Amino acid sequence: MSLAEVVQLSKVKADALVPFNHRKVGDRYLLSNDFGDHTFVTPKEFQRFIQAETRPGEELHERLIATNLLAEHVDVKLQAARWRKKKQYLFYGPTLHAFVLTHRCNHGCQYCHSSIVGMERTDTDMSIETAERAVDLAFQTTSPGVSIEFQGGEPLANWEVLQHIVEYSRQKNALAGKALSFSLVTNLSLMDDDKLDYLLDRKVQLCTSLDGPADLHDKIRIYKQGSSHELVTGWMRKINQRYKDMGLDPNLYRVEALPTITRPALTRWRDIVDTYVSVGCRAVFMRKLDPFGFAARSAKTLGYSMDDFVAFYINAVEYIIELNKQGTQVMERHAAIMLAKILDDAEPNYLDLRTPGGACIGQIGYAPDGSIYSSDEGRFVASMGDEMFKLGTVNDSYDHLMTNAQTRAMVMAGLNDGQPDCVSCVYKPWCGQQVEYNYKTQGSLHGRMRDSNWCKKHKSIFDYLMAKVERGDPEEMRIFERWTTNRVLDHFLQERAPL
Amino acid sequence: MTQTTGTATQHTIETCNAATSTVTLALEMGLYPTEVLYGAAYIFIDRAFVLLDKDEGQGRIGRWLVHLRGKTPLDDQQLRALSGEFGNELLSQALRRKIVKQNQKLIEEITTQAIAGAAGGTLPTDFLATDDDGMDFLDDPLGIAVPWEEKFKKKKDEPAPEAKP
Numbered sequence: 075m076s077l078a079e080v081v082q083l084s085k086v087k088a089d090a091l092v093p094f095n096h097r098k099v100g101d102r103y104l105l106s107n108d109f110g111d112h113t114f115v116t117p118k119e120f121q122r123f124i125q126a127e128t129r130p131g132e133e134l135h136e137r138l139i140a141t142n143l144l145a146e147h148v149d150v151k152l153q154a155a156r157w158r159k160k161k162q163y164l165f166y167g168p169t170l171h172a173f174v175l176t177h178r179c180n181h182g183c184q185y186c187h188s189s190i191v192g193m194e195r196t197d198t199d200m201s202i203e204t205a206e207r208a209v210d211l212a213f214q215t216t217s218p219g220v221s222i223e224f225q226g227g228e229p230l231a232n233w234e235v236l237q238h239i240v241e242y243s244r245q246k247n248a249l250a251g252k253a254l255s256f257s258l259v260t261n262l263s264l265m266d267d268d269k270l271d272y273l274l275d276r277k278v279q280l281c282t283s284l285d286g287p288a289d290l291h292d293k294i295r296i297y298k299q300g301s302s303h304e305l306v307t308g309w310m311r312k313i314n315q316r317y318k319d320m321g322l323d324p325n326l327y328r329v330e331a332l333p334t335i336t337r338p339a340l341t342r343w344r345d346i347v348d349t350y351v352s353v354g355c356r357a358v359f360m361r362k363l364d365p366f367g368f369a370a371r372s373a374k375t376l377g378y379s380m381d382d383f384v385a386f387y388i389n390a391v392e393y394i395i396e397l398n399k400q401g402t403q404v405m406e407r408h409a410a411i412m413l414a415k416i417l418d419d420a421e422p423n424y425l426d427l428r429t430p431g432g433a434c435i436g437q438i439g440y441a442p443d444g445s446i447y448s449s450d451e452g453r454f455v456a457s458m459g460d461e462m463f464k465l466g467t468v469n470d471s472y473d474h475l476m477t478n479a480q481t482r483a484m485v486m487a488g489l490n491d492g493q494p495d496c497v498s499c500v501y502k503p504w505c506g507q508q509v510e511y512n513y514k515t516q517g518s519l520h521g522r523m524r525d526s527n528w529c530k531k532h533k534s535i536f537d538y539l540m541a542k543v544e545r546g547d548p549e550e551m552r553i554f555e556r557w558t559t560n561r562v563l564d565h566f567l568q569e570r571a572p573l
Numbered sequence: 004m005t006q007t008t009g010t011a012t013q014h015t016i017e018t019c020n021a022a023t024s025t026v027t028l029a030l031e032m033g034l035y036p037t038e039v040l041y042g043a044a045y046i047f048i049d050r051a052f053v054l055l056d057k058d059e060g061q062g063r064i065g066r067w068l069v070h071l072r073g074k075t076p077l078d079d080q081q082l083r084a085l086s087g088e089f090g091n092e093l094l095s096q097a098l099r100r101k102i103v104k105q106n107q108k109l110i111e112e113i114t115t116q117a118i119a120g121a122a123g124g125t126l127p128t129d130f131l132a133t134d135d136d137g138m139d140f141l142d143d144p145l146g147i148a149v150p151w152e153e154k155f156k157k158k159k160d161e162p163a164p165e166a167k168p
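Protein chains in written order, with the working numbering: chain A, 75 to 573; chain B, 4 to 168.
Next up, chain A with everything else stripped away, as it sits in the complex (with noise of 0.2 Å):
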């Protein structure tokens, strides 16, 4: 039955629905409000529904008072306070503040977005004055957490502020009292036993790139004094053994790593998951070359097109369920993160998905000159020679820099609820927009999602995961299950007692 065929305009008691969208998904409709619920529903059932036809004591019309689909059932104060817990993130400021110490780097990755120079090149090191004040500036968050992510170039060559970030971040948190923790990004090529002990003593939670077994990722990551698989994947036993030692239970702490996708890449979605299997990782993200940087410059011997890469996708998610099956327990995260918004009704604050975005009010981007940017990514325009996304410096308020015309367009740009396309999708309450891949791929902050690759990418994701959920196999939903089970990380947080 066509949708022509369903839904007979004239015979629409739109009153007595609330508001919604629908596509097609198997042989059934998917239906979700702008609340996060949804359900499935044959083209018949489509029909009674939206002609308001259903009657209590029916399957149908419970399930559609369950999903919260019929006006008259809803219950607004209880819809009311399901929206401000899910929306939590509108309430405070930045959580994530992500510290660029260096643009000094030993790799010469083909794809990095940063802009990296020579190990010499030590005056692009960010200083002590300028760390200090960027802490300070990060504790004034209205958000009671403050997570500072160190990235670079490579982080660990301008160790000394690392360690001062640090310990000044943990001597202010004594009087701030906010859920403070550190991560770090690193090639781990200037790791050492010291160094390893410090950051596990202060709780630092490790991140690193892994592209997969050793020919990928050596010929990407260059790396002039050796192999960087073996470095890395060394570093990575030595570290995850050195959680379990500690007590620690080696199902949830490990090594983070990531691989980003690159066309060679693209038909080893085996090879690639193996490797992280081999390694002891229990999750892997499978990160899409972004337009950003060298990988903008790089994307002719690397770059793909959004239908090899949701190709390359789908293969490797079947893979990791299919280990799943055979008792080998891994994720792919980011089906994991969209599959707790839909099946566990959650948010977990995932920047890229969430409306408003995160740039500026979600996360804020310190390069090692003082200037700030509103993500990650702005500084990645930034690298590229456009300062559209500097916001500030650290010498500028706080309050200037969260209520700047800037920020305001970036929320305002940010927003479903103001984009062709996103108002009327289905998948609106669980995704969300990036305004600066909007505006390097498109020109504006606003983009166009109807040819975008970022809504191609994720509505193609979500067609995919939804057509799982719609089949419900229950083998599938009990690993789903498994994949959106929250666990949080506390020993990564640091003690909120005075020191």
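Hints were generated in silico from the structure; no laboratory data involved.
Just so we're clear, the structure is a prediction, and the values are computed from it rather than from any experiment.
Note that the Cβ used here is the ideal one computed from N, Cα and C, for glycine as well.
Hints should not be assumed to be uniformly reliable.
Between beta-carbon pairs, the in silico distance windows are [unchecked claim]:
no.	chain 1	residue 1	chain 2	residue 2	range
1	B	H70	A	E396	51 to 61 Å
2	A	E550	B	D78	46 to 56 Å
3	B	A84	A	E550	21 to 31 Å
4	B	D49	A	P548	49 to 59 Å
5	A	S498	B	I48	22 to 32 Å
6	B	G123	A	H565	50 to 60 Å
7	B	Q105	A	A420	25 to 35 Å
8	A	D460	B	A84	16 to 26 Å
9	B	T115	A	N423	19 to 29 Å
10	B	I48	A	L274	14 to 24 Å
11	B	D49	A	S498	40 to 50 Å
12	B	P76	A	E194	36 to 46 Å
13	A	N325	B	Y41	51 to 61 Å
Since chain A is already given, all that's left is putting chain B on it; use the hints.
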């Protein structure tokens, strides 16, 4: 060199010249608001030199002429793709304008809350109690949220039953 001409009705390629990397679009005036035309044109200034012109002949509907000259050499196919993208951007801007107008209140309220929340203006006192679903803020003991029409309608309508035949 490829060059084409056409008679514009609503939105057409007037000329397309790969030798000069130039394409000219003709748009019927009134089809899109001027702000939409400016907004779409602005999006292209990093890739093309953009010139907007009017063609207002007597006795016929006037036209906007949009001249796009690529900043780098563009072949016929690329020029046509550029003009197609311009058309898409026009439609997208026009539609977004309508949607933003329709959802203006919602957009303003969410944006205000987001900015105020970030700046510390309206942080709820119970914010840290994340499991608190208290909805006291929705209570309206003084009836402030009751629309004026609703509040006074009853009084106004009270004599009505008597007036009925």
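Status of the hints after comparison with the structure:
1. H70(B) x E396(A): 51 to 61 Å: Because 56 Å falls inside the window, the suggested range holds.
2. E550(A) x D78(B): 46 to 56 Å: Distance hint for E550(A), D78(B) holds at roughly 48 Å.
3. A84(B) x E550(A): 21 to 31 Å: 41 Å, violated
4. D49(B) x P548(A): 49 to 59 Å: 52 Å, holds
5. S498(A) x I48(B): 22 to 32 Å: Hint holds: Cβ distance 30 Å, inside 22 to 32 Å.
6. G123(B) x H565(A): 50 to 60 Å: Taking Cβ atoms as reference, G123(B) and H565(A) lie about 30 Å apart, which means the hint is violated.
7. Q105(B) x A420(A): 25 to 35 Å: Holds, since Q105(B) and A420(A) (Cβ atoms, about 30 Å apart) stay within the stated range.
8. D460(A) x A84(B): 16 to 26 Å: 23 Å, holds
9. T115(B) x N423(A): 19 to 29 Å: Given about 20 Å between the Cβ atoms, the range holds.
10. I48(B) x L274(A): 14 to 24 Å: The hinted range 14 to 24 Å is violated for I48(B) and L274(A), with Cβ atoms some 51 Å apart.
11. D49(B) x S498(A): 40 to 50 Å: At roughly 30 Å between Cβ atoms, S498(A) and D49(B) fall outside 40 to 50 Å, so the hint is violated.
12. P76(B) x E194(A): 36 to 46 Å: 39 Å, holds
13. N325(A) x Y41(B): 51 to 61 Å: 56 Å, holds
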